[in-house]
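**Student:** Listed below, chain by chain, are the residues.
Number of protein chains: 4
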Amino acid sequence: MKNRPLKGIIPPLVTPLLDSDTLDARGLERLVEHVIAGGVHGLFILGTTGEAQSLSYRLRAELIERTCRQVRGRLPVLVGVSDTSLAESKALAHKAADCGADAVVSAPPFYYAPAQPELVYFYTHLAKTLPLPLFLYNMPSHTKVAFAPETIRQLSDNENIVGIKDSSANGAYFQQVCYAMRDVKDFSLLVGPEEMMAETVLLGGHGGVTGGANIFPSLYVDLYSAAVAKDFDRIMPLQRKVMQVSNLLYTVGRYGSSYLKGVKSALSVKGICSDVPATPFEHFYEKEREKIKTSLEEIGLL
Amino acid sequence: MKNRPLKGIIPPLVTPLLDSDTLDARGLERLVEHVIAGGVHGLFILGTTGEAQSLSYRLRAELIERTCRQVRGRLPVLVGVSDTSLAESKALAHKAADCGADAVVSAPPFYYAPAQPELVYFYTHLAKTLPLPLFLYNMPSHTKVAFAPETIRQLSDNENIVGIKDSSANGAYFQQVCYAMRDVKDFSLLVGPEEMMAETVLLGGHGGVTGGANIFPSLYVDLYSAAVAKDFDRIMPLQRKVMQVSNLLYTVGRYGSSYLKGVKSALSVKGICSDVPATPFEHFYEKEREKIKTSLEEIGLL
Amino acid sequence: MKNRPLKGIIPPLVTPLLDSDTLDARGLERLVEHVIAGGVHGLFILGTTGEAQSLSYRLRAELIERTCRQVRGRLPVLVGVSDTSLAESKALAHKAADCGADAVVSAPPFYYAPAQPELVYFYTHLAKTLPLPLFLYNMPSHTKVAFAPETIRQLSDNENIVGIKDSSANGAYFQQVCYAMRDVKDFSLLVGPEEMMAETVLLGGHGGVTGGANIFPSLYVDLYSAAVAKDFDRIMPLQRKVMQVSNLLYTVGRYGSSYLKGVKSALSVKGICSDVPATPFEHFYEKEREKIKTSLEEIGLL
Amino acid sequence: MKNRPLKGIIPPLVTPLLDSDTLDARGLERLVEHVIAGGVHGLFILGTTGEAQSLSYRLRAELIERTCRQVRGRLPVLVGVSDTSLAESKALAHKAADCGADAVVSAPPFYYAPAQPELVYFYTHLAKTLPLPLFLYNMPSHTKVAFAPETIRQLSDNENIVGIKDSSANGAYFQQVCYAMRDVKDFSLLVGPEEMMAETVLLGGHGGVTGGANIFPSLYVDLYSAAVAKDFDRIMPLQRKVMQVSNLLYTVGRYGSSYLKGVKSALSVKGICSDVPATPFEHFYEKEREKIKTSLEEIGLL
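Protein sequence lines correspond, in order, to chains C, H, F and X. Using numbering that gives the first Met the number 0, the first residue of the first sequence is number 0, and each one after it goes up by one. Using numbering that gives the first Met the number 0, the first residue of the second sequence is number 0, and each one after it goes up by one. Using numbering that gives the first Met the number 0, the first residue of the third sequence is number 0, and each one after it goes up by one. Using numbering that gives the first Met the number 0, the first residue of the fourth sequence is number 0, and each one after it goes up by one.
Isolated chain C, as found in the complex (with noise of 0.2 Å):
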């Protein structure tokens, strides 16, 4: 991967979808081409808001076909492999790497919590055969385990391995792997939680992988640029954008799927793409989809 350490605002792309196990292509054309235009850096797809582990293994290869396809090498393409089976992990890698995506991302397998020898062993293994560089994927809330710092700093030493995403929201946690990673040099360290992008990037981190960056790239762009311009009469403003977004949107529903909710219903008032989300989740029904219309307006971005 070139341009060490990857650095800005990496949507973690929806996977816009007719029904359970058909993809929206037109939508996601669109989509792909809505973030790019609005200067996105890189795409991440297959990620946890790309709902990855609802998809059938057909429709993710697809997915990754398609969306290689349509960004034809204009930015670097990161594709989710996360899976309990390494062996499912390495087939989903290759399928990337032939369709010419530019790097990985993998959370620990997330049914049995492994150790941290454990999680060491796993990426090791996984690491020496990989056809692509490889981002760890940090997002304790979804896999009940962490990655210790130490077994980042240590997982680091696998050449193939060129950064972390860290959804953990832990403010802590996103220092302390700084402070682990200060000695090595062009490891990208990418947060996810985009209340906090500006934040981490102020203090050093490379950028967000925002998923309201789905639905308004510019602004996370712009947020990202401010932050690393140390603008700070552009950074506030831009940070209420931010959380506007966060509150207004992500809030609709009554269960943790009201944020994936939230994101696909907007793209779809927005006229991007669908708003179907994969089993077990039901998209918004009439009276959600009016409120995030509402809200579309009062932020000002409709």
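It should be emphasised that the hints constitute simulated quantities derived from the structure, not laboratory data. Worth double-checking, as some hints may not be accurate.
Copies of the same chain look alike in the list, so a pair counts if it works inside one copy or between any two.
In the BS3-like style, the derived pairs of lysine-lysine whose C-alpha atoms are separated by at most 27 Å in a straight line are [said to hold, decoys possible]:
(1) 240 - 184
(2) 6 - 229
(3) 269 - 127
Using the hints, position chains H, F and X against chain C.
**Tutor:** Relative to chain C, chains H, F and X alone:
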């Protein structure tokens, strides 16, 4: 499925492996014959003890084929189809049906944790298209969500949903489920943790999916029969032996994987099958294996 | 403490209150007489059901005095002294001894969660200076830590530590504790959740600290006796009734406080004592109270 | 309280002890003078770092008296009154007011975990009768509940509730709280974990309740000032030093108590006060103490 509700000891078979992606086919044959000889009432493959999530789909298919062929209808075969993707669950279920299995078992999608209405939605969809009867699999420590008793009752309206395996270890919850299902005929109520099998059978449960029955099938079958017969003169010494197994064999390692490694190591010491677990776990080395051997001698069952 | 191990039904008494810091003294008298009349084998005041942690120390002292005076040695009185401060625990224990109580009960310090060696340290210190025998109180949902079975066995070397009340609801754990204590004479093994009292007694447990025994003492006493006698003709209908209580009375509210409010509301409907809980909880209002009343009629125990 | 919102570095003072129930009075004097000399903006006694919950009420009262007397109004004194009992919280608050403290700090009742409406009820009652302004204390790892941002906004309608200390370490949450409070004037937004103090101040937070400021008060004061001034040439090396402290001093032991023991041990090595923690913790012995000493030298702050 005939003979409803399913009752008795249904061992959650370990998956004998030569390496992370190669079945120990001879070991599997010996294991199947070993537990059948011990008098068990069914087999459950591709559960948590079977390390299903760590295996490739190719290997899972091979395991289903070989097990069904080996069993030749001598007793019911249940196949775990737990998956985060509805499509992959269905594919596994169809494979199971094609091979002549008797039922499938499914734990909730385990990456994104669903809410109760989302569980209802998921299982209603799954049950509708299934070629085989379905057992719910309650495993909150791994899936981050438990079936509410009322959700189970509601799902049992699907005539395809025929039972539950509860591995929560929560004794109050198991009784609440029994109570919620009191008027539903022929719904099978099976418990996971072998330490509480006898007491749940005494109070109306239908049996156990007991990991130790891989190693000592007749011990668990005897305890089950004694519990059905309410014969406390037999229950008490057998329960003591079961606790000895749990205490000596499942606590040798340092991580959550100790139970699995203990079972596989004991099977290997007894010459039944290989002790290799799937990545990310490693098998026990000499020191731990020695301990397992000594413990087997102490238990008096080597 | 004579008559070791303590056996039977020991209700965790609610604390009848006129307001958050005023005892309902008449209600307390009626409650004590009500449960004694129901045949219970001991009383446990200032437990979780007794809302101990929400009460002022002054009120706790008054409750100890009044309860011991009312009981007049007719049956053992156990006093909860769970506190985050060793000094305050000791002070409560001395108050209990002065009033003639028979034993104290202590859950681990519940702010900072201690590790196992720290539990050993804490309880060794506590036991050394106590004027009364001590029951350990396992309540991980509230204290964030569970006693390892081996910790309990180690602590039982203090002759002052005479039993455990396990409110984890974990049936496998309870059996592991029973097994760890198999060679320790006279150590009392009591279970909290009433739904699993019968089955633990059948397998060798000594009884239950069952919240419903505040309302229906003889129901739980009868079930306990039936379990001791292994009389399944009596056990099954009584267990069904116990499940009905659990299902109808503890699920009316929307929060974790539903159980407590349900017990207090039922006692108030039966005219035994006030239904006022201590801050931060509020009592049930008309609608929920009506539901409790209807449920009591349905149970046939009003 | 004048000078609202409270801003800057407010160390959560450790409680110097000779034994579990005896104050190290000389140590306390030295500690207070040490942090005041370091330029801190306030003191917070009886917080988590102050081991409040492990101390007797007598000792807590003595600590309040001595600290207020020693400070003599030179800077604001905040007193932790977190308690499971509303009555005991009030009593502590009155003691604090009598001694001339400036505000109190309260974490949610930490035995029974309250729901959000119950938090509103509890704090509305508490605030109504308090003689001093109140800071909310968000500490979900210890109390099992977090204040929802909307709960904080609602509670801020009580003019007595003047700020929050957030020790969740959740960076997204802290921004959500800032956003929820955007139109509430003079509400103090303080963060607990020192690793994220600088970044929250850069984004609009008011300061930190940083445990390391017990040992190195001027380090945290300097970092705070640099963050207020948005002076990145100073921020980056100071943040690095703060991470070094966190990395070297708080990770020596094996349990959750490592942080507390590390702070106390470092203070003892520096000759400021005793390293004795309250039961159930033990102080570091020679080997760990040596490590702390070496680390202090490595940090260059001994």
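**Student:** Mind listing which of the numbered hints don't hold for this structure, in increasing order?
**Tutor:** Result: hint 3 breaks, nothing else.
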